[in-house]
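Chains as they are written, first to last, in the numbering used here: chain A, 1 to 124; chain R, 125 to 248.
Derived from the structure by calculation, the hints contain no laboratory data.
Only a predicted model underlies this, so the values are computations on that prediction, with no experimental measurement involved.
One should not assume that every hint holds.
[Stated by the list, open to error] Partner residues are not named here, just some residues of chain A that face chain R (Cβ under 7 Å, in silico): (1) P4; (2) P39; (3) T66; (4) D68; (5) P70; (6) A73; (7) A74; (8) A75; (9) W88; (10) F115; (11) N120.
Glycine residues also receive a C-beta, built at the ideal position from the N, C-alpha and C atoms.
2 protein chains.
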Amino acid sequence: MPTPEAMTAVVHAYVEAFARGDAAMVAALFADDASVEDPVGTPPRRGKAAIAEFYRASMATGAKLTLDSPVRAAADHAAFAFHVDLDWDGVRQRIDVIDLFRFDAVGKITEMRAFFGPANMGKA
Amino acid sequence: MPTPEAMTAVVHAYVEAFARGDAAMVAALFADDASVEDPVGTPPRRGKAAIAEFYRASMATGAKLTLDSPVRAAADHAAFAFHVDLDWDGVRQRIDVIDLFRFDAVGKITEMRAFFGPANMGKA
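Throw the hints in and build the complete structure from the sequences for me.
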C-alpha cells in the first residue's frame, strides 16, 4: 500500500498537470487497467487510452484545479475537495468537486470517482 | 433516487446532530441495514444498533463538525469535506475528514465511508 505522503504527492501532480494542460502527465498517474467515473453516475472510462482522451477533452476547456483543503489519505485511498475554473462557451464557470482515488501497491491510481452534480456548477 | 437538495439536507442534519450531541438523531438518518466504515480501512459497523453505539462513543469526545466547503451531490451519493474538533485526553484535536454517503431510494444513508488518516490528525 502506498504511503499517505506518496498518495498526496500524486494528487498534487494531478493538480499540476491541469495547470500545465498536460493530459499525458495525468494519464501516467493511472494503472493500465484503471477506471475513471467522472462524474459519479456516468459510465466509467476504462484503460489508459480512454483515460488520456478524457483528460485531453477536459483540458481543452482550460480547466484549472484549486484544492480547497488538505488531501485526506485513508488506507489505499486519497480524497480531496477542490474547485475547477473553466470556460464553457466563453462563460467562466466554477465547479465544486470531491475526487476519490484508489491506489494499487505501486502507487498508481486504479479507480477515480468524481463527485459533483448540477447544484455544484455555476458561473464563476 | 433522492434529490441533491434532500441528500444535502441529510448532511446538514448530520452536522447538526453532532452540535447537539444527539446520537439517536444521527442513527435515524441511516437505513436499517446500513454500514459505516470510519475510517476507511477499518472493519465496517453494520446495522442500526452498532451504528448508534459508534456515534454515542464518537460524541462522548465532544466532537463537533464544521463543513469546509459545499456538499457535493452526484447520483445517489453525497460527499463533503469537514473538520472535527474534539478533546482527546484533555488535548484539543483537529481532524480533517471527507465523508461519503450513499443513499437509498427513500433518502436514508445505506453506506458511509470516512476518509482520513494519521496525517490528517493534529493538535488544534
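So, going through the hints one by one against the coordinates:
Because the closest C-beta pair between A/P4 and chain R is about 4 Å apart, less than 7 Å, the hint holds. Given hint, A/P39 at the interface with chain R, holds; its Cβ is 5 Å from that chain's nearest Cβ, closer than 7 Å. Checking A/T66 against chain R: minimum C-beta separation of about 11 Å lies over 7 Å; hint violated. Evaluation of the A/D68 hint against chain R yields a held restraint, the C-beta minimum of about 5 Å falling below 7 Å.
The beta carbon of A/P70 is positioned within 7 Å of a beta carbon in chain R (closest approach about 5 Å), and the interface hint is therefore held. Hint on A/A73 holds. Least Cβ distance to chain R is approximately 5 Å, under the 7 Å limit. Evaluation of the A/A74 hint against chain R yields a held restraint, the C-beta minimum of about 4 Å falling below 7 Å. Interface hint status for A/A75: upheld, as the beta-carbon distance to the closest one in chain R is roughly 3 Å, under 7 Å.
Below 7 Å, beta-carbon pairs count as interface contacts, and A/W88 has none with chain R, the closest being about 19 Å; its hint is therefore violated. Residue-level restraint check for A/F115 holds (minimum Cβ-Cβ distance to chain R is 4 Å; threshold 7 Å). Evaluation of the A/N120 hint against chain R yields a held restraint, the C-beta minimum of about 5 Å falling below 7 Å.
Comparing the model with each numbered hint stated earlier shows that hints 3 and 9 do not hold.
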